[in-house]
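A.B. asks: Chain residues, written in single-letter form:
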Amino acid sequence: MAAKSQLDGGTAQALLETMWTIRLFEERVTELCGTNEIPGLTHVGIGQEAVAAGTCSVLRRDDYVYGSHRCHAPAIAKGADLGRLMAELAGRSGGYCAGKGGSMHIVAAEVGFLSGTGVVGGTLPLAVGSALVCRDHGRGQVVMVFFGDGAAQAGLFHESLNLASLWELPVIFVCENNGYAEFTPLSAHTKVERLASHATTYAIPCRTVDGNDVGAVRQAAAEAVETARGGGGPGFLECLTYRLRGHYVGDPAKYRELSEVGEWKKKDPLQRFLEVVARHALLTAEEVEAVERQARERVEAAAQTALASPPPTIDQTESHVYA
Amino acid sequence: MAAKSQLDGGTAQALLETMWTIRLFEERVTELCGTNEIPGLTHVGIGQEAVAAGTCSVLRRDDYVYGSHRCHAPAIAKGADLGRLMAELAGRSGGYCAGKGGSMHIVAAEVGFLSGTGVVGGTLPLAVGSALVCRDHGRGQVVMVFFGDGAAQAGLFHESLNLASLWELPVIFVCENNGYAEFTPLSAHTKVERLASHATTYAIPCRTVDGNDVGAVRQAAAEAVETARGGGGPGFLECLTYRLRGHYVGDPAKYRELSEVGEWKKKDPLQRFLEVVARHALLTAEEVEAVERQARERVEAAAQTALASPPPTIDQTESHVYA
Amino acid sequence: MPEAAQRELTFLAAITAALKEEMARDAAVMVLGEDVAVGGPFGATRGLAEEFGTARVVNTPISEGAVMGVAVGAAVLGRRPVVEIMFIDFITLAMDQLVNQAAKLHYMSGGQLRVPLVVRTQCGATGSYAAQHSQCLEAWFLHVPGVKVVMPATPADARGLLKAAIRDDNPVLFIEQRGLYWSKGAVEEGEAGIVPLGRAAIRRGGEDVTVVALASMVSEALSAAGQLAEEGISAEVIDPRSLHPLDLETIAESVKKTHRLLIVHEAVAQGGVGAEVAMQAQLAAFNYLDAPVRRLGAPFTPVPYSPVLERGYVPNAAAIVATVQQLMRE
Amino acid sequence: MPEAAQRELTFLAAITAALKEEMARDAAVMVLGEDVAVGGPFGATRGLAEEFGTARVVNTPISEGAVMGVAVGAAVLGRRPVVEIMFIDFITLAMDQLVNQAAKLHYMSGGQLRVPLVVRTQCGATGSYAAQHSQCLEAWFLHVPGVKVVMPATPADARGLLKAAIRDDNPVLFIEQRGLYWSKGAVEEGEAGIVPLGRAAIRRGGEDVTVVALASMVSEALSAAGQLAEEGISAEVIDPRSLHPLDLETIAESVKKTHRLLIVHEAVAQGGVGAEVAMQAQLAAFNYLDAPVRRLGAPFTPVPYSPVLERGYVPNAAAIVATVQQLMRE
Ligand SMILES: Cc1ncc(C[n+]2csc(CCOP(=O)(O)OP(=O)(O)O)c2C)c(N)n1
Ligand SMILES: Cc1ncc(C[n+]2csc(CCOP(=O)(O)OP(=O)(O)O)c2C)c(N)n1
Ligand SMILES: [Mg+2]
Ligand SMILES: [Mg+2]
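Protein chains in written order, with my numbering: chain P, 1 to 323; chain L, 1001 to 1323; chain C, 2001 to 2330; chain F, 3001 to 3330.
Hints should not be assumed to be uniformly reliable.
So the derived label-pair ranges between C-beta atoms look like this [claimed, not checked]:
| hint | chain 1 | residue 1 | chain 2 | residue 2 | range |
| --- | --- | --- | --- | --- | --- |
| 1 | P | R256 | F | G3053 | 38 to 44 Å |
| 2 | L | D1136 | C | F2042 | 23 to 29 Å |
| 3 | C | Q2326 | F | R3329 | 46 to 52 Å |
| 4 | F | W3182 | L | E1226 | 49 to 55 Å |
| 5 | L | P1252 | F | G3053 | 23 to 29 Å |
| 6 | F | K3184 | L | D1081 | 55 to 61 Å |
Restricting the straight-line Cα-Cα distance to at most 35 Å, the calculated cross-link-like pairs of lysine-lysine (DSBU-like) are [claimed, not checked]:
| hint | chain 1 | residue 1 | chain 2 | residue 2 |
| --- | --- | --- | --- | --- |
| 7 | C | K2184 | C | K2256 |
| 8 | F | K3184 | L | K1254 |
| 9 | L | K1267 | L | K1191 |
| 10 | F | K3020 | L | K1191 |
| 11 | C | K2163 | P | K254 |
| 12 | F | K3257 | C | K2256 |
| 13 | P | K254 | C | K2184 |
| 14 | L | K1254 | F | K3020 |
| 15 | P | K266 | P | K254 |
| 16 | C | K2163 | C | K2257 |
| 17 | P | K191 | P | K266 |
| 18 | C | K2184 | C | K2257 |
| 19 | C | K2256 | F | K3256 |
| 20 | C | K2257 | F | K3257 |
| 21 | C | K2020 | P | K191 |
Please keep in mind that the hints were generated in silico from the structure rather than gathered at the bench. Values in this document were obtained by computation on a predicted structure and should not be read as measured data. The beta carbon of each residue, even a glycine, is placed where N, CA and C say it ideally should be.
This is chain P alone, in the form it adopts within the complex (with noise of 0.2 Å):
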């Protein structure tokens, strides 16, 4: 855990609301998948919640973020409404995309989150391509991309990489290496253990870090984002992390040891934080229970708001095909 010094009364406020209302939100889609409200293949990321909310935490609201197909949290670390948010997973009229995109494809462009997608890796020369009009710019603004250790392999992963370094580009890759990829555990895919080195030999400065201690993710993100915001570049974040619920909602992961998922469960990130929170007394327990209370009825709110926003109509099909 980094150091209490690091983060204030403020900080932990709002690094606490941003993982509550994360867990909140997907437990809550969860259900909803489960009553076939939210239909499709939905991604949760149930346990991974610290890599959203450290990395975004350190972010502007001008700059720019692309998720993978696990996407509602950098979305929601992004500031994403959070009923237009679960609108589109129900696949409302009110929904971000008015329904037509759905879990993979969040786009929320008010806030700057650029895209998810359903192609593992499909982000990454997005990212890039976005980041490069950032350079332009000339503001500091920065592209924040997130991907699974899954990813990793996917050709465009690399092509990606090489571009951001050769052509010194303000993105920072952010692997949530959650350990698998669907059913099969990294070691199945690559020989590589530490992704992050795969950075090393583009020379992206890379830091591997322990992707359930929200305060170390933050603590890394900041020190990528301040590089590459000052013109040094991209950077790479490897957060070790892992998922608590099956890859999609309704998999009933199997392929996992019982003692693994249990040995991680001891790691969940909320916990810890709520911990640290305690241990430092960064914030009383009431606060830390408003905190709690308020990420939950917005998220109620929010699902409130997605059930009574009506479905789209079917002649919106053929709109938004050509600008």
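With chain P's structure known, arrange chains L, C and F with the ligands on it following the hints.
C.D. replies: Frame of chain P; chains L, C and F with the ligands shown alone:
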């Protein structure tokens, strides 16, 4: 230069033969391009002969080789028939591919040259797949694949390295690093100066060698091949070399300083090897002369064979689409 | 000849059966793909690794491009790889290796190399998988000389065509429509059940109009034909099963009898297989046609996520009925 | 209005001119591709880096997939990238980013994002570039909602359509046929020369048969029309110029007049644009057709290397004449 002890007279003669054959073959090809007897997009590797000659000299007949778009040299070094090769370049019916393939698509299956490619990086995964079969055959066969420095920025390159490493396959990646991809230097394509460092990331044993020193190339290849044959997995060889001619036959190559070309002319691998042969008295002057003369004769005979071969007939167009 | 044994199988189980049988029959057959050794996301390869080992049932990283190439490199040395591309949407990452290498190596080598390769993949808009997990892209591959394209509609054909595809000496793209996976049907066992590529099946005989339907559209067409029969319109339903080679003869014969043709597929109409079948059919039977050839496909849009939109997006029996009614008036 | 100035330009020079003009007009326009800053292999981008700097004329490594994605990521933030894919054969490496990202982002985002992107590439079998440097793949992209497809046949259209494509707010695939690069023609200057996407050009009026020809086939069709005129057959030659959107109206009007239609392209016939145009045209003008719609394309094979085979492979005026003669007898 590898110590004299590494090379006996027989080996020296074989290496010299291969290098002279490649050099004279490609000079003849260049002439035939000039007179339009050879059409199309033809890439010669004059100045790079030591790479194919050195590496392939340690292969067995039942090993396999894949080339890049610049693939005459490895085909010759693997033992392809010069007449059928030249006939293919001239688009004749007697060519290896019956005139359907051309310079970038040489296949000489009888000697295990499995194909070049028009797509940069295109044969890398094929080599991995063939190595998978070799591994399962259990006869110690290996696969060697040639590619340029420009291919090392292609996604397929990285995916292929990862697969070879993961599955511990008997494939040797031979990077002909001639410092240019078409008209731009390597530095415009990547910040990675030593392409062999990509192999390091995947824990693939690698060596960067003077690619104009046929003895050094041979020795490094011998080590990699021995490891692969013994079940020790893939190898990677980065051969630093230079093409003394343009990117394709007809390219005036104005993008390079004359001084640079001049420097490399001094390092001409054939001349350097001739000096080594003389210095260490590996062959007599007569023997050396005979090698050149015979190579010249064989190339000339090949050209005659090629030009005597009739073009394919139109009714051949639709054969060999499906097996 | 003894009567062939039959089993009731789901489409998915029929796929698994075909893979098992061919792997048992021929040691050259192998399976590669993401998570195939643990059955894949839909269970199509379940049990194979246990039976044939992980040297023949190979899990791969998420590297569709190189994995396709690996299969090609194995095929030219005599293997018969069956590569799984989890969703056809991801074949976009392997187009170079499939189109430039697999499809062309036999030709470019003047016949020296063969590429006996099957690419299994699934497609279709169902379950709100959204725009990048729902496409139907079979039409692209009709335009790629060197590749064969197969799209079964029944469990029996799933097994029979997959076995034929595996034994074929060419790259065969074998497209499974996800919506069919849990449909059931009688499947003949043994060699008798093999379905040669290039032969259409007449699913229902009829006199007034020919409906050529692909994959999941076959059952929609059959239910449309049932409704149309009540109106006195007799529709013949043809399932081409393989798109290349295409059994034009069966289609043309039918059109010569019915004088009207509708082609139905889930893929967007524009640039789809319907256009190609229409082209060939009107050429073969122009003088018999009493009306223009019609086609029915998805609208020209990416696949929408929302269930409401998705349902409206995929052609169905009602749309087929309406189109046939229109066609009959022409 | 003053008469627009005209210059005689090669097709290539017209491309360069369009790029220069649009880059000068709009600072958002940028060019990316392999060796573009040194002009590229055919010189299409020559002089741009000198004029606009290497921040706007960006050399890229050999990473077609990621470079396509980079362009998309720049486009969504307001740039107007023109990406060069050196040979359309290599677009196979960028299909995911083009088809799954560029084409769908506007839709998937419910209109939040726009992707004003031009993909310039060249195609065609000429000069024995062989099977992986010669394909014509335009048909694939007609099947991709969200993408527009343009294929100019003249220097004037090369300039006029490229300018329109760059100003379009959608991904436009701009396909140049290599064989046309050194052909010359009059090119109007200024804004007047802009050619809106979706409007066909009637290259020669005629009464007896409509020939729709793409790109380099336009001049073949014109020379065929000349020969046919001597036999008393009057052929109308239509150049659709843009394939999506397609100017069906102009084609259908012509067919209603001539009652016969032939579509000619260099791409292999099966699964090609000809099928789609035929489908749409027979639907629009069925009652006017006196003969089946015919198409002429390359045979269903990879592109052969040998000049003899390559020459025989590409459709030409003689083949057009023969097909029209056949069509007139039907
Ligand atoms: C190109 C591509 N191949 C395969 C898939 C199917 N798929 C979806 S998620 C996934 C695993 C991704 O693993 P990782 O990148 O580690 O992300 P995680 O799911 O662990 O967050 C796979 C294989 C896909 N969506 N895209
Ligand atoms: C995928 C792909 N992109 C672009 C090209 C065009 N091209 C042909 S050779 C070449 C440069 C290759 O450089 P390198 O790999 O270093 O090989 P070299 O030519 O130096 O031998 C390029 C860009 C191609 N053939 N394939
Ligand atoms: Mg993972
Ligand atoms: Mg090079």
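A.B. asks: It remains to establish, for every hint, whether it holds in the given structure.
C.D. replies: Each hint tested on the structure:
| no. | hint | result |
| --- | --- | --- |
| 1 | P:R256 / F:G3053: 38 to 44 Å | violated (53 Å) |
| 2 | L:D1136 / C:F2042: 23 to 29 Å | holds (28 Å) |
| 3 | C:Q2326 / F:R3329: 46 to 52 Å | violated (32 Å) |
| 4 | F:W3182 / L:E1226: 49 to 55 Å | holds (53 Å) |
| 5 | L:P1252 / F:G3053: 23 to 29 Å | holds (25 Å) |
| 6 | F:K3184 / L:D1081: 55 to 61 Å | violated (45 Å) |
| 7 | C:K2184 / C:K2256 | holds (33 Å) |
| 8 | F:K3184 / L:K1254 | holds (27 Å) |
| 9 | L:K1267 / L:K1191 | holds (25 Å) |
| 10 | F:K3020 / L:K1191 | holds (30 Å) |
| 11 | C:K2163 / P:K254 | holds (31 Å) |
| 12 | F:K3257 / C:K2256 | holds (27 Å) |
| 13 | P:K254 / C:K2184 | holds (27 Å) |
| 14 | L:K1254 / F:K3020 | holds (24 Å) |
| 15 | P:K266 / P:K254 | holds (19 Å) |
| 16 | C:K2163 / C:K2257 | holds (33 Å) |
| 17 | P:K191 / P:K266 | holds (27 Å) |
| 18 | C:K2184 / C:K2257 | holds (32 Å) |
| 19 | C:K2256 / F:K3256 | holds (25 Å) |
| 20 | C:K2257 / F:K3257 | holds (30 Å) |
| 21 | C:K2020 / P:K191 | holds (30 Å) |
Hint violations for this structure: numbers 1, 3, 6, all remaining hints satisfied.
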